[in-house]
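Number of protein chains: 4
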Amino acid sequence: MRDFATAMSDRPPTQRTASYEADPEWVGRVLLLYSGGLDTSVMLHWIQERYGAEVVTLTVDLGQPAEDWDVVVGKARDLGVVDAIVVDAREEFARDYVSPAIKANALYGGGYPLFTALGRPLIAKLAVEHARAKGCDTVAHGCTGKGNDQVRIEATVATLDPELKVIAPVREWRMGREEEITYARAHGIPVKGGTEAPPYSIDDNLWGRSSEGGAIEDLNAPTPDDVFRLVTLPTEAPDEPELVRVGFERGCPVTLDGAELGLVELLERAAELGMRHGVGIVDQVEDRIVGLKIRDVYEVPAAAIILPAHRELEKLVSTIHQNNFKRALEDKWAYLCYAGLWHEPLRLDLDAYMDSANQLVTGEVAMRLYKGSATPVARSSPHALYDRSLASFGESEGEFSQAASPGFIELFTLQSRMAHRIRARASDHGRKGEGE
Amino acid sequence: MRDFATAMSDRPPTQRTASYEADPEWVGRVLLLYSGGLDTSVMLHWIQERYGAEVVTLTVDLGQPAEDWDVVVGKARDLGVVDAIVVDAREEFARDYVSPAIKANALYGGGYPLFTALGRPLIAKLAVEHARAKGCDTVAHGCTGKGNDQVRIEATVATLDPELKVIAPVREWRMGREEEITYARAHGIPVKGGTEAPPYSIDDNLWGRSSEGGAIEDLNAPTPDDVFRLVTLPTEAPDEPELVRVGFERGCPVTLDGAELGLVELLERAAELGMRHGVGIVDQVEDRIVGLKIRDVYEVPAAAIILPAHRELEKLVSTIHQNNFKRALEDKWAYLCYAGLWHEPLRLDLDAYMDSANQLVTGEVAMRLYKGSATPVARSSPHALYDRSLASFGESEGEFSQAASPGFIELFTLQSRMAHRIRARASDHGRKGEGE
Amino acid sequence: MRDFATAMSDRPPTQRTASYEADPEWVGRVLLLYSGGLDTSVMLHWIQERYGAEVVTLTVDLGQPAEDWDVVVGKARDLGVVDAIVVDAREEFARDYVSPAIKANALYGGGYPLFTALGRPLIAKLAVEHARAKGCDTVAHGCTGKGNDQVRIEATVATLDPELKVIAPVREWRMGREEEITYARAHGIPVKGGTEAPPYSIDDNLWGRSSEGGAIEDLNAPTPDDVFRLVTLPTEAPDEPELVRVGFERGCPVTLDGAELGLVELLERAAELGMRHGVGIVDQVEDRIVGLKIRDVYEVPAAAIILPAHRELEKLVSTIHQNNFKRALEDKWAYLCYAGLWHEPLRLDLDAYMDSANQLVTGEVAMRLYKGSATPVARSSPHALYDRSLASFGESEGEFSQAASPGFIELFTLQSRMAHRIRARASDHGRKGEGE
Amino acid sequence: MRDFATAMSDRPPTQRTASYEADPEWVGRVLLLYSGGLDTSVMLHWIQERYGAEVVTLTVDLGQPAEDWDVVVGKARDLGVVDAIVVDAREEFARDYVSPAIKANALYGGGYPLFTALGRPLIAKLAVEHARAKGCDTVAHGCTGKGNDQVRIEATVATLDPELKVIAPVREWRMGREEEITYARAHGIPVKGGTEAPPYSIDDNLWGRSSEGGAIEDLNAPTPDDVFRLVTLPTEAPDEPELVRVGFERGCPVTLDGAELGLVELLERAAELGMRHGVGIVDQVEDRIVGLKIRDVYEVPAAAIILPAHRELEKLVSTIHQNNFKRALEDKWAYLCYAGLWHEPLRLDLDAYMDSANQLVTGEVAMRLYKGSATPVARSSPHALYDRSLASFGESEGEFSQAASPGFIELFTLQSRMAHRIRARASDHGRKGEGE
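Protein chains in written order, with our numbering: chain W, 77 to 512; chain Y, 77 to 512; chain C, 77 to 512; chain D, 77 to 512.
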């Protein structure tokens, strides 16, 4: 019966470990998420060559600064794509992704406002839409196998269209920088700059910018100054502090210094203010969803102004019960977003909560920007749960009944006091018992 | 039967609403928590007069800067106390109160490191000990009926010695500043400065300083500059950033720039560094435990350096599960401490957790101090859960198996994907149903 | 200056410790929450006598069984009230109070479905409405000073109409049962039964029935059989199990065994089924909000069927993330309701979450009732997140990719594994260090 | 340059998606977790044949009833193993795995007391120890690729000895029942019973028994009676209820009806009692860690008695703060255990908390067992936070100050009341605004 076991062992191993992974034989036309950089340009050609597939590129504008989309499109066309699409998704990004994050005071790991994590499900959603429109059977992205972005993109694609397959050439090919350049030169793909790798791996959009890799990987070396391309170094920021008033309506920022602005413009102006004052630098160690720790350097000039302002206003209009409870939901929201679980129903449940909790978060907070810090210094709201006459230490005590305090303290602390006595007695007995 | 109802209504109203409130007739000797200021000096005399009681004063040194204890004792003696005690409790405060707070990353309302809240149960514990030693039947404190401190002190006294009674003259007498001064002058109590009230109500110790009241009560006026007596204004801080390395062992700070220091000295030196660089200014609205909101301005130069350093180190040595879960316990710890429930058994349970979670929190974090901000810029630990070769985007992938990613993503997102499809289908049906 | 201190001490003590307590001189017309029992009948007369006030009685029907409202009204009229009102609030109670509790799987202390806690804010709301309509300045209730109900009623009255004052004669008068009966007889108030106190203190409505006091206070005596007036003793329940199918729509029960029913009728029928089978008996120790522990015996035949059915259905249509996270919000919901904080905005935020989480909770659960237990035995939903072909251990594996498992396990457990090794190494070092 | 791409595509795909997966070429001697059943017997032979490897079997006694270990060992020997080991691990299992679970009131999904989840890390730990002792390079287990057990076993093996590799033949070979029997017969492996598959997939130990698969997979069919092999059907249980008193010390059960027992014996006797009375049947839908839902039928007669008793005692000695907070940690504990993260440091942190919280959980709880239900009916503890004189509704009020209540209610509800008014005003404005 040796045959049976042999037969078993000869069964082809299942190559695909995920239901959404493309089988090479079935790849006909690929929607490639294309940035115009070396990685995705090499990838473009590689897909054409390896799969004999047609390629449509999609480039999504989420407010990453200083990109020339014409150049990107031109590059794709030169490489022989079937079509090269650019989508300005800034409004949708601000409204449907950043705004809920503000209501949720969303920070992962204490300092990361999730800009990339918020952008990925939108990019992937657009990829699905344009893949369908252009008759693609496969989506390709440039994420490695070690990061969070592969999770975010593949989760969204497989959620929105389980028929679409995914390929992730970087995860598969294991080319290094040098091999990529050799490949690029061999195939007439233009290579910017020299053969030297850029010092850091960058991602950015209107809600922030991250740098990873290179010198940053030495956790014990202070943040390298050459990381900062967005935010002015605090030491070079203006010598005068600047106050900016951020106005909110139902938890969403709507004015800067009194001027009503669309959300994209407001976030962009807040970013400019923050950049000027060196605000929003974060250097933190973080837990990736795939189990690795990573050190990230973030530049988040807009978030560093908007989020603390929002939180301070929220504290003013919310009760102690609301203020003390919401954090658990904020942390979960941030986790789901970070982990690529944007379409998880729990996120919708949390959003329902966040919308309710933000219903009265209307008012204004003044933020003081100065050489690297942004701090709330004043706040007001028509719905403030604050009554100066109640709070005052002055003679008149307003409505507050100080005579109520002893009764409150008596009952509020009753059980803790009893428990302490019982515990003290128990430990006395314990000691006596031991002593005998 | 009219008599019955009359009899009922003639029953003496229960004067005391708390079991620990002193009955005026039973007050013989009072342990007064004495600061040497106007409030407690008037109180000293008032207790002698109103109750015909003897007074012992207790003054506790928790590192509040620039106090001359001899002057305080002299003042008490001049006012005819039976005894005037000063206790240097800085070591005990640092070791048994501040150190657990550091392990718990304890902040209330996002910015308050709880210095007063941590000090009160210690002060009250010392009050109980010295009241017993000096034969006092009653403890007196100078807290108002609107604040948290009455809760903290009375809870601890009634916990540790239910036989001891408490009086809180300020809560009872309702004298204003002016009445106090009239009273003081009439009884030969020295009044520092003019009759004008000090602009703010202050409390401080080695872990921070708070200002409340006066101009601060106008929430919408930017933090007044004259509040700051401890921390240099950021605009006047040195033009050069300074790096300081904070070393921890099992979660407790033990070195500054490599120098081993006792905890009190370490916290005092950290405070000096912070003060010089304008670090640790917090202006926040906060929920008092008695139901009021209050605006506080804090100066916490030591906490602003130690706490972020501790948290960053913790992120480096703890797993994602530990990092994401601990916050809920930190918030509860901070709440219990803030609410005066120091002796609540839950605090002990939380401390057991915190001690376990800090077992490997050993290492060093470099903090960059500059014109108002203190931020982590480097970190190292012998127990770091970080492996550069794993995390690197470079060619070699170390032990990390990128091939594992598709399988991970497949199963990690499986249910969320199914749920989204079911939800989409349900809402399609819903729409169709509505359309009919 | 002895005069000053004397003057201080002569100030009338603040009699009222709560802003909503009625000043005896200002009580003109009182809305009394009236059950028709001895307590509230004595109270009725006492209020007339002590305050010289007019009384309007309000009796609210929340589905407490076997009450004859005509008798209650007659009794009030005989005692000389200005008006005697009975309101059937069962529909409102079921729809606006019990239904949200079902969506929140609301249980306090593990076993109490909060029937009284849910009823009190509604009763208090009706008290406010009728007090206004009838020109009353004060609301009176019969709660003691040791329970939760005083908190629930006074919180709601003071929330909805801060002008209305409250009196709580039982808290004030301290009459015992015997004094009440003497008082009743003296004033011609009819006393049912003998002078013996009823063995237990009871409250009930359509969502359950509680018994406290008397023999129940001996925690170590098994539940006395004579407590049970609602639910059949399990030993006397039918020998045949019965299956009942509960149908839900968006989290709310809508059918029993396929028959569509209004919520009141559905709950009443479920209660009947449960009563017959001895279902819904709970004997638990519980933490009152005023700091005491109490032992309660509950009879909750409807809740014991509906709540487990709801929870089981929810598990079927919700994701693992939803299922694991919702409990924290359920517990908070139950706490707020229990604590009398029905109008707390956090409850509204939680309800927004609960509504979202229940959006697909549509389907049917079969409950098996038998001699004291009610357990789910079958469940179905058009939105079930269950795919038999995926879950099956059989040969065909459906869509589920078993090949994905090793990759999942690799990354899902990566950091925990690293951490264990580091921890083991650290403790080895520790041991070696100690050994030297 | 076509060669390059071809070269890339010709790179051998990474076969192993997990670092711990055995490479077939490196398998020399295998430690097989062996139950004696068909699956693992076929596996035994298949490993010998496919890998040409030597096999050592390990069988672990965790109290699964009615196994004859001699028969199991004999079977393994007949199949040509190098060694066949049986380990009685019941003491270790009870002490180090079940006892912490009791302190944590550990239930997953509301009803699963985690018996298998608790057993797997112990089995895997023993596998590692014996693999090392016997010179094995690989551990083999019989779990499928769809369940939780593969995660639990592989996580522990890879944690405790990263050098050891793992093979999971069932995940790989995809033999169905029939193929297994054909294979067995062809290789002289004894096949119990006929070729028919057993109706359910079973796992058990002294803490419970699970059945999955077969008719159970039809969620909407009532629990099939033929599942139950452990627990008497409630309808066939004795007609007389039985009371059993469970005594605890620091949270761990130590007596039954006053008799001191070792933990294993105590759990076994509790199981017998429960079995007799039909206690501990659970039929629930559950979220597996790999993303599937499953329906499980559990028989947990011991857990159904011990866990509710423990929880009731805990409520009696713990404060309201402890009682309301602990559940979040219990849920996390249960999740980590369920998910195979037994060695995750967070579990140790949680255990430190649980030990602290159980320090005073000493006392006795009487459970009433009757035809399928086990409910607490009496409880006592030397550390009870219960004072009958405080709680009583009778005349004397003991130490409890009812006069404290109004003050408590005033401040406890202050902010919620203010918030309601502000919210009402805001929504009035809103309505007026809309109306204009």
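Treat the hints as calculated values from the structure; they're not laboratory data.
Among the clues, some could well be false.
Copies of the same chain look alike in the list, so a pair counts if it fits in one copy or across any two.
Derived DMTMM-like pairs (lysine to aspartate or glutamate); straight-line CA-CA distance at most 20 Å [unchecked claim]:
{"id": "1", "residue 1": "Lys408", "residue 2": "Glu325"}
{"id": "2", "residue 1": "Lys268", "residue 2": "Asp154"}
{"id": "3", "residue 1": "Lys268", "residue 2": "Asp159"}
{"id": "4", "residue 1": "Lys210", "residue 2": "Asp237"}
{"id": "5", "residue 1": "Lys408", "residue 2": "Asp427"}
Violations among the numbered hints, reported as their numbers in ascending order
Hints 1 and 3 not satisfied by this model.
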